[in-house]
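Protein sequence lines, in the order shown, are assigned to chains A and B. All the letters of the first sequence, read from the start, carry residue numbers 1410 to 1674 under the working numbering. All the letters of the second sequence, read from the start, carry residue numbers 56 to 365 under the working numbering.
Among the hints, a few may not be true.
[Stated by the list, open to error] To give a feel for the contact side, a few chain A residues facing chain B, derived at Cβ under 7 Å: (1) 1418; (2) 1449; (3) 1478; (4) 1647.
I should point out that these hints are in silico values taken from the structure, not numbers from a laboratory. Glycine included, each C-beta is placed from N, C-alpha and C at the ideal position.
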Amino acid sequence: MDEQAGYFRVPGAHLYTVLHRVEDPVARILLVGPFASERHNSYIPWVRWARYLAAHGIEALRYDYRGVGESTGVFEQMTFDDWCDDVRVLTEWLKNQSPEVPFAVHGLELGGILAARAFAAGAGNALILWSAPSNANQVLKSTLMRWARLEQLLLKGGDERKSSADYIRQLEAGGRVEVEGYEWSSELWRASFNFGLPGGFTDEAAAADHCLRPVRIVELSKNAAPLVKGGAAGSDELRDLSWLYAENFGWLVRKLAGRKGNPGD
Amino acid sequence: MLAAKGTPVIETLESRQLIALDGGDPVVRGTYHRAPDGCPACVGEAEGSSRVGILFLNSLTLPRAATGDSSVYWADAFARCGYPSFRIDLPGLGDTEGELPLDVLHFINSGEFASVIARVVAELGKRFDLAGVVIVGHCAGAVSAIYAAAATPGCQGLVLMDPYFHLRQAVRPWIREQMSAWARRSSVGRTCGKVYDRLGDLWLRMQGNQVPRNANSPLLRAWKQVAESGLPILLLKAPGLKAPGVKPRPGEFDYVRYVVGLAKRKSRVSVIAVEGTDHSFANRTGREAICRHTETWLATHFPVASSVPR
Chain A
1410 MDEQAGYFRV PGAHLYTVLH RVEDPVARIL LVGPFASERH NSYIPWVRWA
1460 RYLAAHGIEA LRYDYRGVGE STGVFEQMTF DDWCDDVRVL TEWLKNQSPE
1510 VPFAVHGLEL GGILAARAFA AGAGNALILW SAPSNANQVL KSTLMRWARL
1560 EQLLLKGGDE RKSSADYIRQ LEAGGRVEVE GYEWSSELWR ASFNFGLPGG
1610 FTDEAAAADH CLRPVRIVEL SKNAAPLVKG GAAGSDELRD LSWLYAENFG
1660 WLVRKLAGRK GNPGD
Chain B
56 MLAAKGTPVI ETLESRQLIA LDGGDPVVRG TYHRAPDGCP ACVGEAEGSS
106 RVGILFLNSL TLPRAATGDS SVYWADAFAR CGYPSFRIDL PGLGDTEGEL
156 PLDVLHFINS GEFASVIARV VAELGKRFDL AGVVIVGHCA GAVSAIYAAA
206 ATPGCQGLVL MDPYFHLRQA VRPWIREQMS AWARRSSVGR TCGKVYDRLG
256 DLWLRMQGNQ VPRNANSPLL RAWKQVAESG LPILLLKAPG LKAPGVKPRP
306 GEFDYVRYVV GLAKRKSRVS VIAVEGTDHS FANRTGREAI CRHTETWLAT
356 HFPVASSVPR
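Using the sequences plus the hints, can you model the full thing?
Right, here's the structure in full:
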């Protein structure tokens, strides 16, 4: 398969991108992955999804958030607005490759909020959301709780032990907390409460009505781990998710058939 | 590269470059962290050598950036010290294509990645004019590193973070999981847990500290081969549950002591306990400690020579 990795220039940083190229694609799609530490857990099935799409004629572009993974930038300095800007730049670039080809946006977890906001602003002919929370704090909180449980188990004993509530208090008091190798600022924590799905995204039908384009909202269950958090940390083994890929690919093809690109123009 | 309209995409940054090692199937993808311009080259120990590179392997199924992007941090740091550093995705992991069995752990514990790592080491040596590489592995990556070192002439050293030398037990019965959870939660449970650990310790002594039945024998043989040959090895250990320092939890077999003993007279194995971190070594304390210890170790065994032109 033709997979082209590169560094995509954005103001102040370079985003790591991988384009799963297709000759004469029937559609294009931007894949907006999950938040920071969840990137690592979900990476293999996310890449396999991109390969599945490319093998079936849909050109896919995936990337790392600014300050995360292979992208450059300092995580601690990033804001939700920066990550929104990245989606906007990438959707514009991908759409402009051949404006007549239909174009979709797909977000996983926090990436669902980023994708939905870009879609609501006019990017894309169709939108898929996998396990998108209503606001970013849900993602941060569940990640923090899972990490704190593991920390309690492995690292500290006695008075040193801190619960997730202690860490939340620390963030709310203006402190920083290092979660799975990423330093969270109190600013990021506070902003996460107000960074959510666009208005009108109460359910699939409402979102589609609101945006006047097809929207698919899927709540992944544990059988889709490690795309989503499954059991205890470290217990999410690889599994065959071809059923999930086939379902969502089928939906995309049905919704994009006969459509032209550039809905927001 | 994204060869498309108005592309703002490049493959090379000032300090990093995306690489595709296409000397075999599949193409192995990774990131090369370049030593800064003007940085002195590093002298290897092999005859006629020039530079020694650092090769990072995946930790189990994580992509090459590792937890909290800690591998990116380490590769940047070692490159700044003059050691060209490479982070790769092994076949089926990260961005490298390839099929992986669902039971990845068994696959890794059997040393199935050794041959592809040997190929990568040879290719890196040729392409970047390296005398050899030091392989860095964490957890399951450390297991692959040991197997690879035994099969790779170009491997000049090993940095192993929390390696393990046993095979996974069958799934723990539900009742044992519940008892463990209870032992962690309640004070009575914790007391019972301590008694259980003491009994385990006593049982281990009565058995004459024999290697457990679930030891990974092929891995121990590979370790013996590389350690006995005098290959420089740095073993870094994070604290575990009830296991501070390099000692195991009471009642558990002391693999670190055992493998150090296997190395015998030519041994150049250094063991260091890293406190204040967890198994991932990804927090600030952990990553800085890994940098500090590894840089000191590299300076001892693979000193940077300012006189050698790059």
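Hints and how they fare:
1. 1418: 4 Å, holds
2. 1449: This interface hint holds because 5 Å falls under the 7 Å limit.
3. 1478: Cβ of residue 1478 of chain A sits 5 Å from chain B, so the hint holds.
4. 1647: 5 Å, holds
Violation of the numbered hints given earlier is absent; every hint is satisfied by the structure.
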